[in-house]
Amino acid sequence: MVAPVTTAAGKGPSPGPCRRRTDSGPSRARWTAWLVVAPFLAYVGTFLLYPTALVLAGAFQDGDGAFTPANLAELTRGVHLQAFLRSIELSALTALLGAVFGALLSWAVATGRPEGALRRVVIAGAGVLAQFGGVPLAFAFLATVGFQGFVTTFLRDAFGVDLFATGAWLFELPGLTLVYTFFQIPLMVIVFLPALDGLRPQWREAVDSLGGSSWTYWRHVGGPILLPAFLGSLLLLFANAFSAYATAAALVSQGSPIVPLQIRGALTGEVLLGQENLGKALGFGMIVVVTVAMGLYALLQRRFTRWQ
Amino acid sequence: MTHTRVLRLVGTGAAALALVAACGTPPPKEGAASGTPAATAKSAAEFGGLDELVEAAKAEGRLNVIALPPDWANYGAIISAFEAKYGIEVDSAQPDASSQDEINAAKQLKGGDRAPDVFDLGLNVALANTDVFAPYRVETWADIPDELKEPSGLHYGDYGGFMSIGYDASKVPAPTSVKDLLKPEYQGKVALNGDPTQAGAAFSGVVMASLGNGGSADDIAPGVEFFAQLKAAGNFLPVDPSPATIESGQTPVVIDWDYTNAAQTAKLAGKVDWKVVVPRDAQVGAYYNQAVNKDAPHPAAARLWQEFLYSDEGQNLYLEGLSRPVRMDAMEKAGTLDAAAAAKLPDTGGEQVFLTQEQSDKAKQVLSASWARAVG
Chain A
1 MVAPVTTAAG KGPSPGPCRR RTDSGPSRAR WTAWLVVAPF LAYVGTFLLY
51 PTALVLAGAF QDGDGAFTPA NLAELTRGVH LQAFLRSIEL SALTALLGAV
101 FGALLSWAVA TGRPEGALRR VVIAGAGVLA QFGGVPLAFA FLATVGFQGF
151 VTTFLRDAFG VDLFATGAWL FELPGLTLVY TFFQIPLMVI VFLPALDGLR
201 PQWREAVDSL GGSSWTYWRH VGGPILLPAF LGSLLLLFAN AFSAYATAAA
251 LVSQGSPIVP LQIRGALTGE VLLGQENLGK ALGFGMIVVV TVAMGLYALL
301 QRRFTRWQ
Chain B
1001 MTHTRVLRLV GTGAAALALV AACGTPPPKE GAASGTPAAT AKSAAEFGGL
1051 DELVEAAKAE GRLNVIALPP DWANYGAIIS AFEAKYGIEV DSAQPDASSQ
1101 DEINAAKQLK GGDRAPDVFD LGLNVALANT DVFAPYRVET WADIPDELKE
1151 PSGLHYGDYG GFMSIGYDAS KVPAPTSVKD LLKPEYQGKV ALNGDPTQAG
1201 AAFSGVVMAS LGNGGSADDI APGVEFFAQL KAAGNFLPVD PSPATIESGQ
1251 TPVVIDWDYT NAAQTAKLAG KVDWKVVVPR DAQVGAYYNQ AVNKDAPHPA
1301 AARLWQEFLY SDEGQNLYLE GLSRPVRMDA MEKAGTLDAA AAAKLPDTGG
1351 EQVFLTQEQS DKAKQVLSAS WARAVG
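Top to bottom, those sequences are chains A and B.
For the first sequence, the residue numbers in the working numbering are 1 to 308.
For the second sequence, the residue numbers in the working numbering are 1001 to 1376.
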C-alpha cells in the first residue's frame, strides 16, 4: 500500500510571541520538537531511507562493488523491459477499472441518504476490502475460481461450462488484472468519496435557478471540480497496483511477468546466480516510476486544494 | 499486576542472560584445549577422533540447519535421528527456502548465534559460494566418487536423484516418455516444480524435456520449445505444485525429482494413487551438496552432522526418503545398504546424463533469454 502523501507539516510556532520570552525559550521548544519527531525520523530512516540508499547504491555496482551502469542498461532490454511495460500496463488498467467502478459506487453512496444503510455498508466494506490483499486474497480466488474452485466445479458439473477453456488465465496477467481490481475499487471509494461529498447542493441549485440543465452542471461545475480528485485517485491507484507484490507472488509461479516478481527471481533464484544488483536496479526502476506517479499526484493535489 | 509481570519478565531475561553468559563461554575453550579449535578442524582426526568430536558437539548442544523440508530426502527423520542419538537440539529454520536463501542467511546472520551451521545446496550455488565454506572431510570420504566432491572438502555430494514425472494414476494414463505429456489426456494437468530460471528442480525438468525431444545436455532449446508447445496445447499448468495441490487434485502431473515425487506416493497412500516414472529416453540426474559454514556458531556440531549424514545410518536414512545416497555403490559392495529401501527406488536404466558446469552455464543463458517468452 502506498501511504497518502501528506502536505505541509504544520507551520510551527510563530516567531512573534517567542521573542518576548527569555533566550532559552525558543531553543527549548525546538529541542522538544526534535525530541518528539526523533522516533518518527529514526523509523523512516531505518525502514525507508536506509533501504532506499542500499537499493540506489547496489543498482550501480557489480558483484565486486565496483561502479557499473550495466545493471541499469539491462533494464532497457528483453524480459526486463517487457516486465516494466507489463507492470505499467497492468497497473494502469486496474487503476482505470478501479477508478471508474469505484467512482460510480462512490456516486451512488454520495447521492444516497447520509445515514443510510448503503453508505454504512459500502464504507465499512471498502475499509476492509482495500486492505484485503496478498496471500489471503490470492487464496480466496483460488478457492472460488481456481482449477478446483467451487465456482469452477459448480459451473462445470451443472452447466458444462469450463472456465479454463482458454488456458490458465487466472495464473497469468488476466488473473492478476481481476484480482488487483478487487482491491482497487474499495480503495477508490475511500479516496474519492470525500471529494464527492464536498460538492455543495447549493451549486446545483444555483445552476438550476439560472436555467442550466444537468449536463450544464456536470460540464461546468461538477466535472471540473471533481476532475483533479479523480485523476489524483487514479495515480494513487496506479502506484498501489505497481507496488503490489504478495498477491502476484502467491498466484504466478512461472515466467515472472511483472517487475516485483522479477526482483524475487533476481534475489532468491538458485539457477541464475549473482543477480542481486540487477534486482536492485529493477527496484531502482520501480522507485523512478512511482516517484513520477506521486509527483504528478502532488501537482494535482495542489491544484485540487486551490479549487476548494 | 502488569507491572510485576513485566518486572518478572525482565528479571528472568536478565537471569537467563547471565546464565548464557556464564555457561555459554566454556565450550569453545574446552574445544581449544582438546587440540584443534573446532572451527578449523578439517577432519574428525584433528579432534583426536570421532568420540572427541561427539563430546565437543554435545558441549555446544545445538545445531542450526536451514532449508531442509521434512518431506524432502527424509530430512524430517534424519533430524530426529540425529537429535535422539547425540542429544543435540536441531533448530531447523525456513524449511521451504531455496539454496540461495541459505547463503543469504549465512551472510546476513554472520557472527550471530542463529546463523546456519551447515548447508544443503544445489551444485550451482555451492560452486559460486566456496568462500563461505570450511573444508571438512568426513571419515567415509574415500567412498564418495571423485567427480562429486571438491578435493579439499569444501563441498561434496550428499544425495541425488533423477528428474521424474509424478502422476495421479486415477486421473491420467501412465506417461512413458516426455512427449506423451502433449496428448489431450493431459490437458490442464502438467505442472513443473518452480520457475526454471529460479529453481534447480525446474531447471532440470527443462533439461529432461530437452533430452526427450531430440535435444542434449549441450542444447536445451528443444526443452524450452517443448514447454511452449505444452502451453499452446493447454496442458501446462503455471501452478507451483506442493503436497496440498497434489492432494486436492489441482496438479495431477508433476515434473520433479524422483525422491520428492516418491515421497508424495508414500505420504498420500490411500488418498491419491500417486505414481512416479523416470522417462527412459530422458534421464537427468543431479546431486545436492553438503558444506559447513566457515562462520558456524556451532562448529563441532556442524562437523558431527556431516559425519552422521555420511555414516551408514545417515546414508540409509536418505535412501528411505527414496533419494540416492552418494555412498550407495560403496555401501552396496560392503553390504551395509538397506536393500529393501533400495528396491523401492524408481527404475532407471539406459543412458544417464549429469550436466557439467559448462553445460549448465550454457543452459542457464538459454533459459534466461527464452523461458519467459515460452510460457508468458
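Hints were generated in silico from the structure; no laboratory data involved.
The beta-carbon is built from N, C-alpha and C at its ideal position, and this holds for glycine as well.
It is possible that some hints are incorrect.
Per the computed footprint, the stretches of chain B lying under chain A, defined by three or more beta-carbons under 8 Å from a beta-carbon of chain A, are [what the hints assert, rightly or not]:
| id | region |
| --- | --- |
| 1 | 1098 to 1111 |
| 2 | 1136 to 1147 |
| 3 | 1235 to 1243 |
| 4 | 1247 to 1260 |
To list a few chain A residues with every Cβ distance to chain B over 10 Å, as calculated [to be verified]:
| id | residue |
| --- | --- |
| 5 | Phe40 |
| 6 | Ala124 |
| 7 | Asp157 |
| 8 | Ser243 |
| 9 | Met286 |
So, going through the hints one by one against the coordinates:
Judged by the Cβ-Cβ criterion of 8 Å, the region 1098 to 1111 of chain B is covered by chain A as claimed, because 5 of its residues qualify and three suffice. Taking a C-beta to C-beta cut-off of 8 Å, the region 1136 to 1147 of chain B contributes 0 residues in contact with chain A, too few for the three needed, and the coverage statement is violated. Counting residues of the region 1235 to 1243 of chain B whose beta carbon lies closer than 8 Å to any beta carbon of chain A gives 5, which meets the minimum of three for the stated coverage. Counting residues of the region 1247 to 1260 of chain B whose beta carbon lies closer than 8 Å to any beta carbon of chain A gives 3, which meets the minimum of three for the stated coverage.
No beta-carbon of chain B comes within 10 Å of the beta-carbon of Phe40(A); the shortest separation is about 25 Å. Distance check for Ala124(A) against chain B: the nearest CB is about 33 Å away, which clears 10 Å, and the non-interface claim stands. With a minimum CB-CB distance of about 14 Å to chain B, Asp157(A) clears the 10 Å threshold, and the non-interface call stands. No Cβ of chain B approaches the Cβ of Ser243(A) within 10 Å, the least distance being about 21 Å, so the stated non-interface status holds.
For Met286(A), the requirement that its beta carbon stay farther than 10 Å from each beta carbon of chain B is met, with the minimum near 18 Å.
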